[in-house]
Every structure is written in structure tokens, then in C-alpha cells.
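Novice: Following the hints, position chains B and C against chain A.
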Amino acid sequence: MAKIHPFFMPKWGIEMTEGTVAEWMVAENDTFKRGQTLCLIETDKITNEVEAEYEGIVRRVLVPAGGDPQPVGTLLAVFSDADTTDAQVGEFIAGFKITSTGTGSRASEVDAQRPAAPGSSSMNEGIKSKRAISPQALHLAKDLNIDLEGVEGSGRGGKITYQDALQASRRSVIPTLKGTAELAEQLDGFYASPLAKRLASVHGVNLSLIVGTGPRGRISKSDVMAMVRAPTLPAKPVNKADVVPMDKIRKVISRRLTEAKQNIPHIYLRTSVKVDALLALRKSANLILGIQASINDYLLLATAKALARHRDVNVQVHDGAIHHFPHADVAIAIASPKGLVAPIVHSADLMRIDQIALTTHSLIETARLGKLSFEDLNGGTFTISNLGMHGIEQFDAIINPPQGAILAVGAIMRVLCEVESGKACFESRMTLCLSCDHRAIDGVAGARFMTTLKQLIEEPESLFAHS
Amino acid sequence: MQLSREALLRAYRQMRVIREFEERLHVEIMTGEIAGFTHLYSGQEAVAVGVCEHLDHEDKIISTHRGHGHCLAKGCDVGMMMKEIWGSREGTCKGKGGSMHIADVAQGMLGANGIVGAGAPIAVGAALAAKLDGGGRVSIAFSGDGACNQGTTFEAMNLAVVTKAPCIFVFENNHYSEHTGWKYAVGTGSDIAGRAEAFGMRVWRGDGTDFFSVYETMRDVLEHVRGGNGPAAVEFDTERFFGHFEGDPQRYRGKGEIDRLRKVRDCLTKFRTRVTGADLLADGDFGRIDAEVRDLIEKSVSEARSAARPTADDVLSDVYISY
Amino acid sequence: MAKMMYREAVQNALFAEMERDENVILLGEDIVGGMGTDGGPEAIGGIWSTSVGLFGKFGPDRVIDTPISESAIIGAAAGLALSGKRPVAELMFADFIGVCLDQIWNQVGKFRYMFGGKTKCPMVIRMAYGAGFNAAAQHSQSVHQILTGMPGLKVVMPSTPADVKGLLTQSIRDDDPVIFLEHKALYASSGEVPEGDYTIPFGHARLARAGQDVTIVATGLMVGFCESVADRLAPEGIGCDVIDLRTTSPLDEEAILDSVEVTGRLVVVDEAPPRCSLATDIAALVGQKAFASLKVPLTMVTPPHTPIPFARELESAYLPSADKIEAAVRKIMAWR
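Chains as they are written, first to last, in the numbering used here: chain A, 1255 to 1721; chain B, 7 to 329; chain C, 63 to 398.
Just chain A, same shape as in the assembly:
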């Protein structure tokens, strides 16, 4: 029975990685006995005699004395018993691979070309590796043509796992980072999970209001989130309408406004007027005349006078005909208990400011009592609607048919304006917006009217001039 003994570079101590054969004490074909010194081996620390652990014949010395250091596990010589033939020794040496002499590299011995387990397929040609690799990892490496050099095996003894191979197949990525988060107070006495505390601080939830449903009665994420969602998930909102049937006036308003908005092609002309002079004049005029005329009254007067000068605006529109009027019957929009009403100041252009004040005062009172007559409301050539007292800066009004136009008056505001040579000062201004029935009033006609009106307001003394 042939018995071949390979002789390796030994490993003495955990730090030894290589050694040098200093001297052979036996030569090829020598017979040696157990205990006989075979060679001297040097490491960086010691020189040691190697004694034979069995008897045999030196068949081949592969590493001569005095050469370079050899890694632990290097085959240095081959010994055998007398029955072994040269051919057997040659075959043994040819088949030898640096391996398993306790160098810890046993895993590297596995030939990747060999099926790693019974039943594994033989499709593995093409990937050649001396490294230990799992069958599935090898399949993957072949399928994806993965270069296994440099792959760090995470398995036992550095074996490449499927996961390792898959990682090697992928391009490196830069992870999307979410970063650090705020650290909630720890010793605050609240028995809440860390995430619950963090969420509570993010959402401003007061933990003391929560009864925990988590383990050991602790406040959990879900307990906090329930508080967060609470305001957005109320019981189905109840917003039941109080149904009020339209009364006669409201029905009329409704019908007329709908008709107006649907049938009349509106055109809107907007301008801003300076009212500092008017405000000053109103004060002294009211004092002199002993009346309490409002800004509206002055506006009404100015509008009426402008209308009288621009009869192409002072119109009513009836089926296929435009009715021009010599005098201005100006309606004023008033909020009454019964809704919006627009009683008329007839031939206002012929009135003085004190007469207008008296008239509007009377109409407003009557409207408040709900006692306006048909006469008070019928006809009119123009309407003024003022929402300035409610802070509305400007708006567009719907024409009150058959009238041809309506003036929407905004709030008086102090605004910074440029005066001469780049200087600025504050002025009191209001925005006026004229809605015209474009079927009857052209834009230019409306604009001219507005220019006149603007002039009357900005130079209000002319309101008192004899016209």
C-alpha cells in the first residue's frame, strides 16, 4: 500500500506566515528514521530543527536550502514508504495545490468549476474561481458575468454568498439621506416610545393628554398620530341650510340682476380720483349751509351734473331703442331689511346739495322702514353704488336695467403719490368704476363722462357754479 507524506512549510505560532529552509539534513533517496533531523527552518524569530515524525524515504526535495522565504503550507518535499513508485510520487506532486495545512486558506481550495453540491447544474464553465462560492452565487456570477476578483466573501471562511455576488453586480449608489432628527426630552416623566416623543414634538402634541395603548400602557406612535389627525377628521360636518323662500323684492332683484348680467354686454371703465379737496369743501359747505350732506350726496350731485353734460351716458335702453334723457334720475343703492333697493333722486342735476341731502336722507329712512313706493323705485337713468364705507377698494357693479350705466364707488384711501419733480406725498383717493351697457354707450363716451366726473370731484367748487 503506497503511502505518500507531503512535507510542508510548518506554522509555528499564530504570527508565522512564512519561513526559509536553511539547510536540508537529508537528500533525495535517503532513508530516515523517526526522530531524525530532516532540515533547519528559519523564521524571522527563530531557527528550528524539524524532526521526522515517522520513518520513510526522501523522494523529492522541491525547495532547496537557502532560497527565498516560502509561505506557510508550501510543499517543501515529498516523503514516502518503500512501496511507492516514482510515477505515484510524480502524480501526487502534479495534483498538489497549495492548500490546507492549517494556514486558514482551506476555502480557497474549492474549485469553482466543480459542481458544489449534488444536483447543481453544470452550466458553470466560463466562471473560473479558486474561491469558495455558493452554488446560487456561482449561477448568478455566470448569468451576469460578474468579476469575482475583489469580492469580499461574507460567508464562513470568506465564502462568496449569493448576496455578495448580487452586490458585486450592482453599481455603487449614494443613499438618499434623511439626516438627524430632533432629540425629544428623555427624563420628562412621559412613558412614551422614542418615536412617539419625536412625533409629538414635530406635531406639537401634548403627551400629557394621551392615554397610551402601547405595550405596558405606553404612548405609541399611533396614539400620537391619532391626536395629530383628530382636527382633520371631524365627524361629518353638519352645515344645514336655513331655507328662506325669496320674498317679492328679492325675486325682483334676482330676476333683474340675472337678466342684466346675462343680456347686457358690460364694459368697465375704471379711474381713480383725488378727493382731498372734496373732503375739505364738504366740511366747510356743510357748516355754511347748515346741512349734513354725505360724501355720497356730493358724489351724487357731481354724477348728476356730469350726466347732464353727457347725455349719451344718461340713457335707458329699451328694445331696439336708446332713450336719452336731458336730466339725471340717479338711483342710489341702499341695503334695506328687504334687500338691496335703489330709490331714485329725480332730476338730481337740477338740485342743490342741500336738496339732495334732504332727498337721500328721506329715501334712506323710507327704505329702512320698507315703505318705498313704486314711484321711488321706477325708472332712473343711472345708479350709484358705494361700498367704500365697508372698506371695499374697488368693484364692478351690474347695470340696473333699463338704465345704461352704473357707477361703483370704492373706499377713500390714503396713498403715496408722486407730485412734481419726483417728490411724493400722501393723497386721499377713491376708485370709481363705471359699468356701461355697451349696446348703448361706447367706451369713449363713457370715458368722457368719467373725465368730467373726475374733474367735478377733484375741483368741487364747480359743483356750486351755476350751470
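It should be emphasised that the hints constitute simulated quantities derived from the structure, not laboratory data.
Here a beta-carbon is modelled for each residue, glycine too, at the ideal position from N, C-alpha and C.
Mixed in with the good hints, there may be bad ones.
Short, incomplete list of chain A residues facing chain C, as computed with Cβ under 7 Å [stated by the list, open to error]:
(1) V1427
(2) L1437
(3) P1469
(4) R1470
In the BS3-like style, the derived pairs of lysine-lysine whose C-alpha atoms are separated by at most 30 Å in a straight line are [claimed, not checked]:
(5) A/K1505 to A/K1625
(6) C/K65 to A/K1432
(7) C/K119 to A/K1413
(8) A/K1413 to A/K1528
(9) A/K1413 to C/K357
(10) A/K1287 to A/K1257
(11) A/K1537 to A/K1396
(12) A/K1396 to C/K393
(13) C/K357 to C/K393
(14) C/K351 to A/K1413
(15) C/K357 to B/K170
(16) A/K1257 to A/K1384
Specialist: What follows is chains B and C alone, placed relative to chain A:
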């Protein structure tokens, strides 16, 4: 002998209850109804009763795997113990302990114990508590000739001496540690008390098959320990009528050994002979107690058989007080 | 708040509880020290100086210096607990559970259950654990993986002086047996401790650092390492949620799972060997209950499966460190 008639009747009844309990279990176990390991106390009744007749519920005892006798002598409920051995949820430990872990802390019974030698250190702790509380209470560790060889027992004896704990180490030498003889296993020439003495405490010896010997010895021991003189040890020589556990073929026993022991070393027979001989109690007294105890055990067995079984949910309770 | 060392926090909690409740009793080897010597009692005050001054204040009946008899110490504590006291036993080194494991495991941990819930065993077993002092294989171990696996016991592992105080106070007041593991390398560490009486409930992890990219779970000495790693990585925008478990039994599963659901990455750091351990337990938990949230395979930073070596180089190679933890976090962040 200063025992009253009532005390004598009670002592006999206690021993009889233990004997009847164990003899009945010996029979019932053969039917396969009872699960697990059961170690019977028959033969040693005089020790448990002779010791515990001196105690009340404020004195503590801790027992061994052979614990039924100590439990019964210390006042555990017969019916609940039987239910526990049957594994009922109505048992002393809700079916979670079984024969080897019967405990009733309220009665001062800190538990039978499945680990040989584990009880002695615990008894020292209970004794330290008694010492702190004042009032002359004691704690008693029952150990056998097996447990006397455990390091824990040595540690406990030394700690008790060092801390002057009012602890009494009662060694019941029934001559067998499991299946091994005392002459082999106790290295001090079979002298257990002498070993305890070497730890630095006073020791006593008594006949564990004779109630009166045990009772009177314990009176002296307790007087010493309750008097604040630190721990003490007692060795009672006694007999085990059954095997180590039920099902033990007892091939280690001598031929006819058990028959002989039951004839000459039976504590119940000895008690009866002595008491009737002295005209303290009459045969009728014994007959009445015997019948009463038979009924009691019969009733406890039939109740245990039909008692409520635990459910899978019961597995999860009683691990922690809060978790 | 007062600045206090970890060991002072132990002494502080013991003192306060002994003063509050006369049933609190200490016992252990050398917890007084000097008994039976010319130096006299209190020559030592515990080898970790955790019981300094207690003997003088509370006397020999409540501060019981024992022989070197661990089974007797734990057994006696158990007997005291069954008799209505609240003993606090000290094992000088956690490694010594080997000589008294029966009392801890078969007795203390099981009384309540075996006795059908009819008794309680309120006791604390304090023990110094952990490596870092080249104390080699029998005086350096982290034994929590053994004890955490034992039903009936609670296991506490404080990492800061503040937690020592709150958790030890809770341990003493708790009605179940509690193993209180003090890391010997932390005894000299100091930190702010709230004044007065407070407890920290068990099973309530502490979030030591908050981040949303990776969850790091740790206990005891390891927590500080993880905190420094979190601080190193924060400037790079990598946010680490560092969870200090505080107690391993009960385990704050929720804190771990909540965090992993946010981060999708888990690094478990454990000072005990890697097999059948706290680290594997947490890995299994996350594998079962947060698998869907994991973006990458979880990883563990633990010592190797070897006894603890002696030499400085070997011990530091053995132990997890901030560098090793940082490397693990970087690796997990680079997962593709």
C-alpha cells in the same frame, strides 16, 4: 412527656394524613393519571410532624423534592395539594408547580424544591428576615443525606453561622441519596451532624422514626435558636419506605429490607404502641382518626380527579407581576 | 441636576431606597469590607465603591457582608424576598453567576410561576460586568445574553449615571426579581443626575441620538461608542437613531421596530459573543416584524465567538469599538 391528649391526637392525625396521602398516591400513580415525577415521604412522617408541631405560620420552612410531608405538616391544604399533584388549576400552585414545587408562603412553607441542596441558602435568607423582624421566629431547611453533600448546603451553614441567623438545618438521613447509600456518599463516616458541628453550630441527633424523639429534640433545638444563639443542626435517622421516585425499581435495596423497615421502623406503629402502652390514647381513638383520614384522602382524590383543568391561556400568567 | 459618577449614582440610589424603606437589605462579598480585620469594617465599601457609607448608616443587620459564597448570597436574598424583605444582593463580578446560577435561574426566576402566582420575589441582583480592563476570560464577560433568556427575571443595563439612579430605584421597588448589570468600565464615567426621587420604567428604551438613516441598537458601554459614531456621521448628513435599550428583559420591541420602519437599516451592537445572543435576538425580531422596512441586510457588531483574551492588543481586537461600529454603519450605508 407533657403532651396533652389533644396534642397527641393531632400529632397522630398529621402523621396519618401524610401516610395515607403518600400510600394513596403510590396506588394512583400506577394508573398513569398523575404526570411527572413524584417522590413519596412514607416512613419519614415523624420528622416532618415532630418538627412542625412546634411551629406556626410565622416560622418558615423550606423543603425538598420529597416535600409532601413537610407541606402537610406545615398546614398546606390536603385537597388543594392533591389537586396540584393532579395538575388542576384549582391546585395549590394552579397546576404550574406539581408535586415538586408545592408552596404556601402564607403558611410559612417556602416550597418543595426540585434541586437537591437549593433550599438551605434560601432558609438562611428567611432566617435573616426573622432576625431583622425580631420576635424569635426561626427558619428551617429540611435536607436529606443527599443534599448534605451539596456545596450550597455548606455555604448556607457557614453564612448562617457568620450572620448568626436563626436557621435550623434539619437533616433527614433516610440512608439513600437517590439510589446511593449514605455509607458511601457521606464522607464523614456517615456522620452528618458532626459535619454541621464543624461549621461552628450546636448540633443534635434524634431517632427520625420516633415522633417523641423528634419532638423532644426539637424542643431543645428551638429553645436554643429562638434564644438568639445563632443557627443549629439536627440529624434524624429515618427510613424511606418507597423508592427515590415512583417507578424506581429499587434494585439497590436489600432482600426483605422494606418489609423489615415497615415492621420495626414504622413511626406510626411506634407512636401507637407507646401511647396505648402508656394509656394515653385508646385503640378507638386511632380507629376513629384512621377512618376519618381515609375519608379525607378519598374525598381529596375524587375532587382532584374532577377538578378544573388549566387552559392554554394559563401558561402565560404568573410569570411576572408586571412586564 | 447634579453631576455624579456612575458608581456614585449606584450608591446614591441604594442609600435613598434604604432610607425610604427599611425592608431594603444589602448583602454581598466585601460590600462592607474589612470585617474581621485590624482595619475594621468599611475598610473597603465594596470593591467598586458602590456601598460606601451604607454600613455606618444602616448597620450590620441591613448591610450584610457575606463570605465568598455566591449560592448562599443569592439563596439568602431569595429567602429574604420570600419573607417580605427587598434584598439587593451584589455579585462582585457578573462572571460569578456560574457558581450560583441555580439560585438565580431555578429558584429566584421561577418561584412565582412554580407557586402559581401566589408569591412574589422582589429582589435585585447587582453585578459588575463587561470588558475593558484586561481582566481576561473570567472577569470581563457580558452575561446578559444568558440571563435575558431566563423567563421570570428582568434584566437592566444602565448606560448613564442618570439611568443608574432611575433604573436602580425602579429595580428595588419592582416586585419581580431584577438583574442589574453595572458596566465596570462605566463606574468612573459621570453625568447629570436629576435631584430627588425618580424611577425609569422598564421596557422603555432611551433614544440617545435621533436620526433617520440608520438604527443602532446598543446597551451599556456600547451606547457611548454608538453616540460618538452618530456624532461623527451627523456632519456628513447620515442620521443615526441610537437606541439605548436600558432593559433587555422586558425588551422595548416597539422602539426598535418604530425606528427601523423609519430608517430601513439596522446595526445591532452587543458586547457579548455573537451566537444565541441579544444581537441575534434583535436581528430575529426585526427579521420577523420589520422585514418589509429593511432596505439592506441588517448587521451586527459583536466580539468574535471566543472567550475574552487578556493582552491589551487582544482585548481591544476582541471588543466592539466606535471605529468598528462606524465601519459597520458606513458599510450598510454603501449597500447597493
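Novice: Each hint needs a verdict: does it hold in this structure or not?
Specialist: Each hint, compared with the structure:
For the restraint placing A/V1427 at the interface with chain C, the shortest Cβ-Cβ distance is roughly 5 Å, inside the 7 Å limit, so the hint holds. About 5 Å separates the beta-carbon of A/L1437 from the nearest beta-carbon of chain C, less than 7 Å, and the hint is met. For A/P1469, the interface hint holds, since its Cβ comes within 7 Å of a Cβ in chain C; the closest pair sits about 6 Å apart. Checking A/R1470 against chain C: minimum C-beta separation of about 6 Å stays under 7 Å; hint holds.
Our distance criterion of 30 Å between C-alpha atoms is met by A/K1505 and A/K1625, whose separation comes to about 17 Å. The suggested pairing of C/K65 with A/K1432 is violated, with an alpha-carbon distance near 34 Å, which exceeds 30 Å. Restraint check: the Cα-Cα separation between C/K119 and A/K1413 comes to about 62 Å, which exceeds 30 Å; the hinted pair is violated. With a C-alpha separation of about 91 Å, the suggested pair A/K1413 and A/K1528 falls outside the 30 Å cut-off, and the hint is violated.
Straight-line distance between C-alpha atoms of A/K1413 and C/K357 comes to about 23 Å, which keeps the hinted pair within the 30 Å bound. At roughly 16 Å between alpha-carbon atoms, A/K1287 and A/K1257 fall within 30 Å of each other, so this suggested pair holds. For the given pair, A/K1537 sits about 100 Å from A/K1396 by alpha-carbon distance, which is inconsistent with the 30 Å threshold. Distance check on the hinted pair: A/K1396 and C/K393 sit about 26 Å apart at the alpha-carbon level, within 30 Å; holds.
A C-alpha spacing of about 13 Å is found between C/K357 and C/K393, which places the hinted pair at or below 30 Å, so the restraint holds. For the proposed pair C/K351 and A/K1413, the alpha carbon gap of about 29 Å is at most 30 Å, so the pair holds. A C-alpha spacing of about 63 Å is found between C/K357 and B/K170, which places the hinted pair above 30 Å, so the restraint is violated. Simply put, A/K1257 and A/K1384 have alpha-carbon atoms about 28 Å apart, close enough for the 30 Å limit, and the pair holds.
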